[in-house]
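There are 2 protein chains.
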Amino acid sequence: MEAKKANIFSPNSPRQNVNPDLDIERKNISFSTEHLTNILDGGSSNTKLRREVEAVLEADPAFSPENRYFQSQNERYETAIRKSVYLSQKMAKMGWIADSPEQYYCFKFLAEDLAFNLHIVFIKSILALGTDEQINKWIPLANKNFIIGTYAQTELGHGSNLRGLESTATFDVATQEFILNTPSVSSMKWWPGDLGRTATHAVFFAQLYLKGHCYGMHPFIVQIRSLRDHSPGQGITLGDIGPKMGFENIDNGFLILKNVRVPRENMLAKFSQVLPDGQYKKQGSDKINYLTMIVVRVNMLQGTVIPCLMKACTIAIRYSVVRRQSELKPGEPEAKVLDYQTQQQKLFPQLATAYAFHFVCNYLLGIFKRCYIQTNEGKFDLLPELHALAAGIKVITTNYCSEGVEVCRKACGGHGYSLLSGLPSLYMKVIPSCTYEGENTVLLLQTARFLIKCYGMAQMSQPLPSSVAYFSSVNFGRCQAQEKKDFLNPDIYTDAYKHRAFRGVRNVANKLRQLVEEGKGQHEAWNQCTVQLAKAAMAHSHYIVVQKFTEELGKHAKGSAIQRVLKNLCDLFALHGIFSNAGDFMQDAYFSTEQIDRVTETYLDLLAVIRRDAVPLVDAFDFSDACLNSALGSYDGHAYQRLYEWAKKSPTNQQDDRVFKTYLKPLFQNALSKL
Amino acid sequence: MEAKKANIFSPNSPRQNVNPDLDIERKNISFSTEHLTNILDGGSSNTKLRREVEAVLEADPAFSPENRYFQSQNERYETAIRKSVYLSQKMAKMGWIADSPEQYYCFKFLAEDLAFNLHIVFIKSILALGTDEQINKWIPLANKNFIIGTYAQTELGHGSNLRGLESTATFDVATQEFILNTPSVSSMKWWPGDLGRTATHAVFFAQLYLKGHCYGMHPFIVQIRSLRDHSPGQGITLGDIGPKMGFENIDNGFLILKNVRVPRENMLAKFSQVLPDGQYKKQGSDKINYLTMIVVRVNMLQGTVIPCLMKACTIAIRYSVVRRQSELKPGEPEAKVLDYQTQQQKLFPQLATAYAFHFVCNYLLGIFKRCYIQTNEGKFDLLPELHALAAGIKVITTNYCSEGVEVCRKACGGHGYSLLSGLPSLYMKVIPSCTYEGENTVLLLQTARFLIKCYGMAQMSQPLPSSVAYFSSVNFGRCQAQEKKDFLNPDIYTDAYKHRAFRGVRNVANKLRQLVEEGKGQHEAWNQCTVQLAKAAMAHSHYIVVQKFTEELGKHAKGSAIQRVLKNLCDLFALHGIFSNAGDFMQDAYFSTEQIDRVTETYLDLLAVIRRDAVPLVDAFDFSDACLNSALGSYDGHAYQRLYEWAKKSPTNQQDDRVFKTYLKPLFQNALSKL
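So the protein lines, in turn, are chains B and H.
Letter 65 of the first sequence, counting from 1, is numbered 65 in full-length UniProt numbering, and no numbers are missing.
Letter 558 of the second sequence, counting from 1, is numbered 558 in full-length UniProt numbering, and no numbers are missing.
Accuracy of the hints is not assured; some may be wrong.
Said to hold, decoys possible - Result set (EDC-like, lysine to aspartate or glutamate): computed pairs, CA atoms no more than 16 Å apart in a straight line:
no., chain 1, residue 1, chain 2, residue 2
1, H, 661, B, 551
2, H, 329, B, 133
3, B, 346, B, 332
4, H, 665, B, 78
5, H, 511, B, 605
6, H, 665, B, 605
7, B, 511, H, 605
8, B, 665, H, 229
9, H, 674, B, 133
10, H, 336, B, 78
11, H, 511, B, 597
12, B, 661, H, 594
13, H, 511, B, 601
14, H, 661, B, 229
15, B, 674, H, 133
16, H, 484, H, 656
17, B, 511, H, 601
18, H, 511, B, 594
19, B, 661, H, 597
20, B, 511, H, 594
21, B, 511, H, 597
22, B, 665, H, 78
Since the hints were made in silico from the structure, they are not lab data.
Note that the structure is predicted; figures quoted are calculated from it, not measured.
Model the full assembly from the supplied sequences, consistent with the hints where possible.
Here it is as structure tokens:
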């Protein structure tokens, strides 16, 4: 902990001089926060390494978060480029190599202030899709940032439906070149990061045309800007797409190509190539690339999405014990807002959610590793299940984390609207995850398609993938729990989630079949079921998250303090889900009115239990003040003082008196004689 | 409609050259959009007047929305001051007076670009709280902007609990002055608009101290900046609170007073005054001020909150018929995304919500008028009910509208993240309404307190206020509806909402009583019930909205096209609420599993029915392109072209090559010899 440095705006070390209202929350803690931090890091050696990396970054003034909340989009961009270039030098100096844990911790710590994100995707796609020759040519240059690449796939008019992309690559046998075009306004590339003002090269996706026949989407390397003066090449129009919600450090761009020629060798040719005579040749299987896409999704959840919720919880919970409002009992001093049941009901489910999703990601990474080994052996059986699981978990995680961040933000009242609280930028950072790396509705329906298929297999008593094995074992009786304590039994609530998910899948499968029997076409019937399909896929994913959280409990010493506190969170996550979706659980009278009332009481009682552990539970996330960058949520709890100190530095307090002289003074002088 | 002008970025009139995909949606419309516009405006003469005002503003280049999305906070502020000063001149020239409908339409149209919002509150509070003498002194100056005022109530450490405010005003008999102080960091005034960089005066709220005794909160006029050079007076520290989520045009500020003296006459003294000898004297009743607070809330809903959702619906629905994605049937062209059930399920409930809340506000304004007359006659019986209603409706409206705007934004995929879509700024504008003018949780619990009291009265068979009269008439049987069409009967679903609300109130009232019987103190028992109290208050408010929407249907010719289309929206609003909160409606087996399944089917069928009217239903909101200021949602539907044209103007495309020369060129030159 010694490495922790004070935020640049706060001259004191945050571990001293703590606000007494926060300090008292850290006395007589019922479990070891250090132990919990180690669990979250995946072992104490990881915690140690992470802290070492963070200490190096925090000690280097070049990485200071500076006045991030005060910067314009242009300033954020310049800062990001400067820090990204400097980080490469720093990593080389420290001996931290690419794809190392050190790099992962650097990116996670500095993400808001870095560029070159799509450059990394550019590198990874050449490694995945290029021949050895192509890799040897491009990767050494890209690794050293001698060229900066981007990944130009999404178009102005097309995102999720890749087959609909309009860009074209036509082979010219005479010159042995591909002619690249974005033939319409809607086909210009739109959104790729690093494209707007930085990249020199792009992996450009286009429909391949050979002798008038279309062979579908293929990747081409194209140089888009001069290395000498950064000007766009002949036939190339490009630029930045302008202001966005969040991601101001990144230069998302547009790209128009008009008859731009690249040599035949620039088509990435690991899985298919065009021969000199214009013949098309496919080779090998590109299925392993699906795995890449899946692991990118899971890493995004653990590296970006869940930490946003963890940070929001840290800020909101710490602030809620230093903010006081009204009396809980007449005559007493004003109460900490965290002592109000309504505040607990806002924040604690978010805390439990952050833990729940952290553990389910560990589970996904476990399957991913098994799947990776199998795929390399040429076996692809696990792929559809892994894809369906990862898609569903991506959706529920990004949805819940985004909503959760916003709940935390709003729970901080007016101050949650100040950028200086750190909360608005967390929302801006987390919410796009519902759209990028697979739009959530599109992904949910992919998970649903897998579930419907498996339901059909279950009906025919075929063996089922393990994550849906419950399709053949759901007990269609009613929940047997009676007393409040029964609802704290993981078997009871896991069964309830199982029942809910299965019922959702079964009903929509039946509806689908019935619509087809009534004469509807497959596609029309599917469209008429998509709302319920999406809902069933969410229920299934929710069940998986609950189940994996209960499995996590088994990994810790029975009756230990850590197990107890994790079980409280697991119970809360599960019961909050029932409380919030009671209708689903009451279907077929699985839960009676009385049982739902008891779930509610058990859930509300749990809030009071978690109250005493709330601050240690967010301390265990172990975010330094520099990483949180929040006037409300710093370790020392001096929220008001810091808000005031930071506000004074705002550029809005440094404007000259032009506005006064031009617009106001001529008015005010009319009052001079009268006051 | 002739008055409509093209957005400054689009040279063509938007009524010509419409994207065919949007144009076809406006053929063979099943009802008169003009008629519906008139209903929303409250009569055709209002529509006419509104359009005349908007035409004047749109024709004046000084009011152009310019490059709003490209401006920094400093630029937004300067624009707001410039336009606000100019608007006063323009209104004088046009003969539009204060508090006229013309002024209302101006503010609604230009709100994003105006300042002086709290100046208006300053004026209104002097009118409400000042003596005739005080009004005669200050109002003429304030009305002409010769002084600019702010309303300094909220403190850094206190918002919702007004009694907890720490600022003090101590009377000094010797000098006949009040000594004003903000005695701690947490007591500095924080958030007031126009305070940060503009206001010369403030209505400052402080605890009044006379001879050591505290008399509670009172308002004082204090000059805070020089009229000559704008410098803060002796003992005054002030400034801007810095960057926020939204409201960049407004200079929210902070204010520290240290022994600042104001003359005795500066205490606003309509309801209480301090005599020269330091005696305190109360006079009259200030209950009418509650009414002011209530009407401010309702006006805020109709003037700001609901229009945000209406605009978001307009943008998202128009965009969803020009965006195409994947095939609905194999071999067909890509389908409009609005033809997907999942997209309809996102957008149409928002559309119905916008209409529902518009009508419930009309109802509230109706009671307000009755209440205003009664209050002036010294009768205050309606006040508690009106307060409870307005608080609950404020909460449900701001919650639903904020969430709805975000649903619309996300339904536009990646482009919904571009500021140029207009959608992010709508969210930034609407979401703070959940916190200002009464924090939502605090307000809900005020409504709940009224409901609990009325429940007690119902138990004792006392007469009940009309909005809770159903407490004595709820039928505790089960819902009798059988077939799908039964659920389109307003009596059926209104009864269901009534039952849900009553059950929520009854259960929590019983729990409260039980806790007290078990020996818990009143306050502790209340706190342990607050989650359920808030939920019950939401259910009651939801019932009121549904009920008032059904009453609206009766105002239109039976069987008319307008009645049909409004009934579809009313049904959708009601059934969506049951679908989304099924658990509440299944309590006590009011709805069976089979009935809920039928509600779901009826609800999904309705989506397809509303599909054909979707574009006319948003056209009826009658927002001009300049008012929407959206690249995605303009009347002509040329979304992609406009997004591209606007992006090119972004300052991110006008930065010099400093970043390239400083950071990138030194790297890139290493690749020159290799490529």
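Item checked: Hint consistency between residue 665 (chain H) and residue 78 (chain B) [alpha-carbon to alpha-carbon, up to 16 Å] -> Holds, at roughly 14 Å.
Note to self: Check whether the Cα positions of residue 674 (chain H) and residue 133 (chain B) lie no farther apart than 16 Å.
What the structure shows: holds (14 Å)
Next item on the list: Verify the proposed pairing of residue 661 (chain B) with residue 594 (chain H), using a straight-line Cα cut of 16 Å.
Entry: Violated. Residue 661 (chain B) to residue 594 (chain H) sits at ~71 Å, over the 16 Å cutoff.
Checklist line | Straight-line alpha-carbon gap residue 511 (chain H) to residue 597 (chain B), limit 16 Å | finding: holds (11 Å)
Next item on the list: Take a quick look at whether residue 511 (chain B) and residue 594 (chain H) sit within 16 Å of each other, Cα to Cα.
Entry: holds (14 Å)
Check: Keeping to a limit of 16 Å between CA atoms, is the pair of residue 511 (chain B) and residue 605 (chain H) held or broken?
Finding: holds (14 Å)
Next item on the list: Quickly compare the C-alpha distance for residue 336 (chain H) and residue 78 (chain B) to 16 Å and report which way the hint goes.
Entry: Outside the cut-off at roughly 39 Å; violated.
Check: Going straight from one Cα to the other, do residue 511 (chain H) and residue 594 (chain B) come out at no more than 16 Å?
Finding: Cα-Cα ~14 Å, so holds.
Check: Quick one, are residue 665 (chain B) and residue 78 (chain H) close enough, alpha carbons at most 16 Å?
Finding: Holds. Residue 665 (chain B) to residue 78 (chain H) sits at ~14 Å (cutoff 16 Å).
Check: For the pair supplied as a hint, residue 329 (chain H) and residue 133 (chain B), is the alpha-carbon distance within the 16 Å limit?
Finding: violated (42 Å)
Margin query: Check whether the Cα positions of residue 346 (chain B) and residue 332 (chain B) lie no farther apart than 16 Å.
Written below: The given pair, whose Cα atoms are some 24 Å apart, is violated under the 16 Å limit.
Note to self: For residue 511 (chain B) and residue 601 (chain H), compute the direct alpha-carbon distance and say whether it is at most 16 Å.
What the structure shows: OK: residue 511 (chain B) and residue 601 (chain H) at ~10 Å, within 16 Å.
Hint compliance for this structure: hints 1, 2, 3, 6, 10, 12, 16, 19 are not met, and every other hint is.
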